[in-house]
Amino acid sequence: MRLLVTRAEQDAAPFAGELRELGHEPVLQPLIELRALDFDAAELEDTDALIVTSGNTLRALEQAGAIGGLARFPIYCVGDATARRARHCGLQKPLAVADTGEQLAAAIIAMAAPGTRFVHVAGEHLSFDIVGELTSHGMPSRSLAVYVMQAAEAFRPDIADMIEQGTLDGVTLLSPRTAEIYVSLCHRHRLAECAKKLSYFCISETVAQQLRTLEPRGVYISERPNRKALLDLVR
0 MRLLVTRAEQ DAAPFAGELR ELGHEPVLQP LIELRALDFD AAELEDTDAL IVTSGNTLRA
60 LEQAGAIGGL ARFPIYCVGD ATARRARHCG LQKPLAVADT GEQLAAAIIA MAAPGTRFVH
120 VAGEHLSFDI VGELTSHGMP SRSLAVYVMQ AAEAFRPDIA DMIEQGTLDG VTLLSPRTAE
180 IYVSLCHRHR LAECAKKLSY FCISETVAQQ LRTLEPRGVY ISERPNRKAL LDLVR
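Read in order, the letters of the sequence shown correspond to residues 0 to 234 in numbering that gives the first Met the number 0.
No lab work stands behind these hints, which were simulated from the structure alone.
Treat the hints loosely; a few may be bogus.
Said to hold, decoys possible - FRET-style restraints, in silico, Cβ to Cβ:
| hint | residue 1 | residue 2 | range |
| --- | --- | --- | --- |
| 1 | R1 | R223 | 21 to 27 Å |
| 2 | Q164 | T205 | 26 to 32 Å |
| 3 | R1 | H186 | 20 to 26 Å |
| 4 | R83 | D39 | 38 to 44 Å |
To be verified - The calculated lysine-lysine pairs, modelled on BS3-like cross-linking and capped at a C-alpha distance of 27 Å, are:
| hint | residue 1 | residue 2 |
| --- | --- | --- |
| 5 | K227 | K196 |
| 6 | K227 | K195 |
| 7 | K227 | K92 |
Every residue, glycine too, gets a C-beta built ideally from N, C-alpha and C.
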C-alpha cells in the first residue's frame, strides 16, 4: 500500500523504514514540527520524580542543555520508545512504563508513596491530564511545558494531488493532534470527499475519534496504543 506518514520529521524516517520492510510504499508529509520552548530549569529542581510521556520532551530538554541535571530523579514514562530514549540520555531506568497516560497514572498511584511530588515535563498540548489525576490522589503534581508541536499549514502539492486523484491507499496516524491537523487540512484543501475514501490506520481510539467529521469508510485501530501494534495492523 502507498501510505501517508504524518509523523514529525525526526520520527518519520525510522517509521517509514519499518513500513518499507513490510512491503509498503511510505510517503512522508510531517504534519507537526517540534519547537523547543524557553523555560526555567530551576522548575525541574523542586520535585521528587519526573513524568515523561513523549520522546519529544527529551529532545527539547537536550536542546536546552537541561538533561544532564535530571539523572538523579526517578522517572516514569509512556511508551517503550520514550523509556529507551530516556536511558540513552543518561536518565535512570524508568520505574514504570505504560502504553498510555491513563495507565501510567494508575501505575504511579499504585506504587508511589502518598505525598510524592511529580513534575510532568511535556508539550503544550496534552491528551490526558495526568497532573490532575495524581493530584486528586494526594500526589502534588504540576506540568512544565518545554516544547510545542507546530502544525503544518498546508499539504504539499503532491500530497494533495494523491488524495484528490485516489493514488494514496491509506494514512497512518499516531497522535490525536496529528489526526486533528490532518482533518483540518483536508477541509482547508477541500479534499474531505476524497479523503473519506482512504483507509486510516490509527494508534488508538482517541486518534480515530478525531476523524469523525470526515466520516471515512475505513478506520482501523491497533490493538495496543504503540508503534509496534500499529505496524502489525498494516501487515
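Status of the hints after comparison with the structure:
1. R1 to R223: 21 to 27 Å: holds, 25 Å
2. Q164 to T205: 26 to 32 Å: holds, 30 Å
3. R1 to H186: 20 to 26 Å: Roughly 22 Å apart at Cβ, these two residues keep to the hinted range, so it holds.
4. R83 to D39: 38 to 44 Å: violated, 28 Å
5. K227 to K196: holds, 25 Å
6. K227 to K195: holds, 25 Å
7. K227 to K92: Holds, because 21 Å separates the two Cα atoms, which is no more than 27 Å.
Hint 4 from the list above is the single one not met by this structure.
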